Amino acid sequence: DGGITQSPKYLFRKEGQNVTLSCEQNLNHDAMYWYRQDPGQGLRLIYYSQIVNDFQKGDIAEGYSVSREKKESFPLTVTSAQKNPTAFYLCASRTTGGGEKLFFGSGTQLSVL
Amino acid sequence: KNQVEQSPQSLIILEGKNCTLQCNYTVSPFSNLRWYKQDTGRGPVSLTIMTFSENTKSNGRYTATLDADTKQSSLHITASQLSDSASYICVVSAIKAAGNKLTFGGGTRVLVKP
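Going down the list, the protein sequences come from chains A and B.
In terms of my numbering, the first sequence is residues 1 to 113.
In terms of my numbering, the second sequence is residues 114 to 227.
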């Protein structure tokens with residue numbers, strides 16, 4: 001089945017620790033995105049990538065880092081510099097060149113121990 | 114600043130009843146508006162897309178309307194089912210030189226009770 005796979009579903013971070021959230025897609029989409037979702041708030045863009053080996057900061061990039069070494073993969077690292085990391089993280093992809101329909105993964109819930 | 118406001122924040126309806134969700138936006142220049150359904154603990158899934166020239170669009174029991182003059186959209190759910198329990202998110206796309214930019218509403222949480 002074509003789609004976006006996020007892992008793990010649940011993740012716990014200790015103080016001072018970096019953690020990496022995985023996002024893989026087999027839709028052959030060029031663009032990939034990471035969003036953060038907090039209760040009662042709209043999704044906020046962390047990072048996005050329109051093509052392999054290129055990515056751009058979104059609205060709340062501080063404390064996060066990404067890489068895009070392969071078209072299929074767009075991992076997100078939550079660094080120790082992110083002081084309030086507890087949130088639901090969503091990865092999405094879409095085709096470029098027209099249409100803004102996003103295809104989302106099932107999300108990763110990150111909590112702080 | 115581009116903003117999308119949704120109301121109500123949450124609502125409870127009985128199975129079989131209808132309900133309407135509202136979305137007001139101040140996004141410019143407007144490209145399109147999309148409604149997503151998000152089940153608890155899952156990613157959002159697109160329901161409908163509305164462009165500037167469209168007033169209404171249906172997807173099964175879901176009907177979206179758009180008034181581009183007043184910058185308002187609504188999502189009407191007909192004959193609600195228990196599976197309609199979810200959050201509904203309004204997303205407005207602005208035309209931007211480097212590609213369309215999306216602004217997300219905070220969502221309306223719908224609970225359908227038997």
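Derived by calculation from the structure, the hints in this document are not laboratory data.
Since we're looking at a predicted model, the values are computed, not measured.
Do not take every clue at face value.
[To be verified] Here are the computed lysine to any residue pairs in the SDA-like style, where the Cα-Cα straight-line distance is at most 25 angstroms:
#, chain 1, residue 1, chain 2, residue 2
1, A, K101, B, K130
2, A, K71, B, G219
3, B, K214, A, N53
4, B, K114, A, G42
5, A, K70, A, K83
6, A, K101, B, S141
7, A, K14, A, K101
8, A, K57, B, P142
9, A, K101, A, E15
10, A, K57, B, I126
11, B, K214, A, Y10
Hint check results:
1. A:K101 <-> B:K130: violated, 29 angstroms
2. A:K71 <-> B:G219: Outside the cut-off at roughly 30 angstroms; violated.
3. B:K214 <-> A:N53: Satisfied, since the Cα-Cα distance of roughly 21 angstroms is no more than 25 angstroms.
4. B:K114 <-> A:G42: holds, 15 angstroms
5. A:K70 <-> A:K83: violated, 29 angstroms
6. A:K101 <-> B:S141: Judged against 25 angstroms, a Cα distance of about 19 angstroms means the pair holds.
7. A:K14 <-> A:K101: violated, 35 angstroms
8. A:K57 <-> B:P142: Within the cut-off at roughly 22 angstroms; holds.
9. A:K101 <-> A:E15: Not satisfied, since the Cα-Cα distance of roughly 36 angstroms exceeds 25 angstroms.
10. A:K57 <-> B:I126: With a Cα-Cα distance of about 40 angstroms, the restraint between A:K57 and B:I126 is violated, given a limit of 25 angstroms.
11. B:K214 <-> A:Y10: Since the Cα atoms of B:K214 and A:Y10 sit roughly 29 angstroms apart, the hinted pair is violated (cutoff 25 angstroms).
Checked against the numbered hints above, the structure violates hints 1, 2, 5, 7, 9, 10, 11; every other hint is satisfied.
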